[in-house]
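Student: Each chain, written out:
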Amino acid sequence: MSVANFINRSHQDKEGWKYTDLEALLKTAPASIAMNNNIADTGDHPRFVFVNGVFQSKQSRFGAVPSCILMGDLATGYNLVLGEHTCLVTQPIEFVFTADENAPNEINIKLTIEVGANGRLTLLENHLASPTITVLETEIILHASAKFVHGKIIHSGGTHLARSTAQVARGGYYNNFTLIRGTHLTRNEIDVVLQGEEAQAALNGTMLLRGTEHADTTTRITHAAPHCASRQIYKTVLDGKSRGVFQGKIIVAKDAQKTDGYQLSRALLLSDQAEMDAKPELEIYADDVKCSHGSTIGDLDEQAIFYLRSRGLNEAQARALLIEAFVAEMLEEIQIEAWRDIFRAEIERWAQ
Amino acid sequence: MLEIKNLHAAIGNKEILKGIDLTIPSGEVHAIMGPNGSGKSTLSYVLAGRAGYDVTQGSVIFNGKDLLALNTEERAATGVFLAMQYPVEIPGVTNMMFLKSALNAIRKSRGESELDAMQMLKVLRGKAKEIGLSEEMLKRAVNVGFSGGEKKRNEILQMAVLEPLLCLLDETDSGLDIDALKIVADGVNALRSPARSMIVITHYQRLLDYIKPDRVHVLAFGKIRKSGGAELAHELEAKGYADFTEAA
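Just so you know, the protein sequences line up as chains R and C, in that order. Quick note on numbering: the numbering used here labels position 184 of the first sequence as 188, and the sequence is numbered without any gaps. Quick note on numbering: the numbering used here labels position 23 of the second sequence as 149, and the sequence is numbered without any gaps.
Here chain R stands alone, though its shape is the one from the complex (with noise of 0.2 Å):
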């Protein structure tokens, strides 16, 4: 997918891009931004590199995956397939995505991964600086009994738009965990299809904006076939005159019976000129099914603030701890606790 494409779809769908007015979004761009191109890594997992879109053998670490599952080139996309009882991938994997001073205006990435049946993976997409845009498309397929736990942090400074398309067979997992922070524009889209039986989705995530920023998140669950479960959390944190938006939909189509469906949207506006669009969608045409959906807009509670400070601490140190515990519930989602910790030091970064 391209600028372009992503730009007539939201001239045809209108309505699903209501809140993100893309291309006015994409004017706005600031010129240049701040590299943050520390890819410093500590730990000894598979770690996949990509500079402007280019994968990068050499400042890779395939660890105990072998470079074959990872194939294609930026042409025509890349493909990490794995097979049937993938047992070899216990570790998770690390894409790094960054840029340098040769980056094109616009860095277009095509990822397809395929979890084979009773497959597991865990994958880490960790998008660093990239001055420019960034569009991604991402198609995930995950056979029968597959689990796939994908995490994603994007703090790139520019404009990141992105498309994951996750079709779920009998009795598989996706889990996705999204955290935005420090990004132009970031419209992130996920459609999950839930096609087989007892197939289930959790789909979190946390947007941290703050001065301009804006960050949408569009989500969609299909639920296509009966006994299938959906959960989805998502938490919001604005400041200055950022924009946040969630759109999230649910479908049960009319076959899918006993669908058991949870959304959450929670925001917290820190200025009187943030502002959060925030809509939930359901469309049900199963008459047997258990969905619910929440959305919450508030600020920082004044008396929270007070009971702290009157135990020591400044007003900013109060502020952080109360912004940190806000998003800490949507940290228990998050099932490795290596990640956890990856995505709690970005959340104490921001909030300091």
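I should point out that these hints are in silico values taken from the structure, not numbers from a laboratory.
Beta-carbon label-pair distances, calculated as ranges:
| # | chain 1 | residue 1 | chain 2 | residue 2 | range |
| --- | --- | --- | --- | --- | --- |
| 1 | R | Ala342 | C | Leu241 | 24 to 32 Å |
| 2 | C | Ser260 | R | Asp345 | 25 to 33 Å |
| 3 | C | Arg266 | R | Ile301 | 24 to 32 Å |
Away from chain R, derived, C-beta distances all over 10 Å, residues of chain C:
| # | residue |
| --- | --- |
| 4 | Glu154 |
| 5 | Asp192 |
| 6 | Asp303 |
Away from chain R, derived, C-beta distances all over 10 Å, residues of chain C:
| # | residue |
| --- | --- |
| 7 | Leu194 |
| 8 | Gly237 |
| 9 | Ser300 |
| 10 | Ala321 |
Quick caveat: nothing in here was measured; it's all calculated off a predicted structure. Every residue gets a Cβ at the ideal spot worked out from N, C-alpha and C, and that includes glycine.
Once you've looked at the hints, dock chain C against the given chain R.
Tutor: Below, chain C without anything else, positioned relative to chain R:
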């Protein structure tokens, strides 16, 4: 040593404190009793530095410092501690994290080194045990799902950890059954020391059976109307506050 002179305070246009004079020497425990709406909680909030209360006249000197010139956290650093009537629930922040942040903030402001995680754990475990709070409660979010008694005990735990020089106990007895009251009172008594002053605010004499005050003051209609020894509390229990009218 705390010296309050002619303290007037208002919320908006409504004057609540109408000239409080009160001196509390170091090491003494003074009880402030009075009917509802007399200004007891306002006094504690004004001393702790809560926003929304305007001091219109008077002075508060604590250990030689002008308390009213300090913000809330600076007052905490000089040793002021308010045990609240309604402790605030803070979801997502563990008690451990809360106490650690508070103690290190206060140590830092006193020019002492911050404690590392291990040292902190040792201090907190020891103090929690003294107050009768389980280690499990240190791991729970601050006051979330705590019973009334647990919340008050948690306030006393914070007091024990932060080691303040002026303790303001605002209706610490409210909502406590007799067993919880005894535990809280034991915790407070354990903290009595020659360097520490305490103001115990209460509506009822009951708490003062367990925390013996050096002095008792009656606060009604925004002023101290009567002061005396511990026996004054018993007198009030028998006669009520009916003698204290706005004109008196």
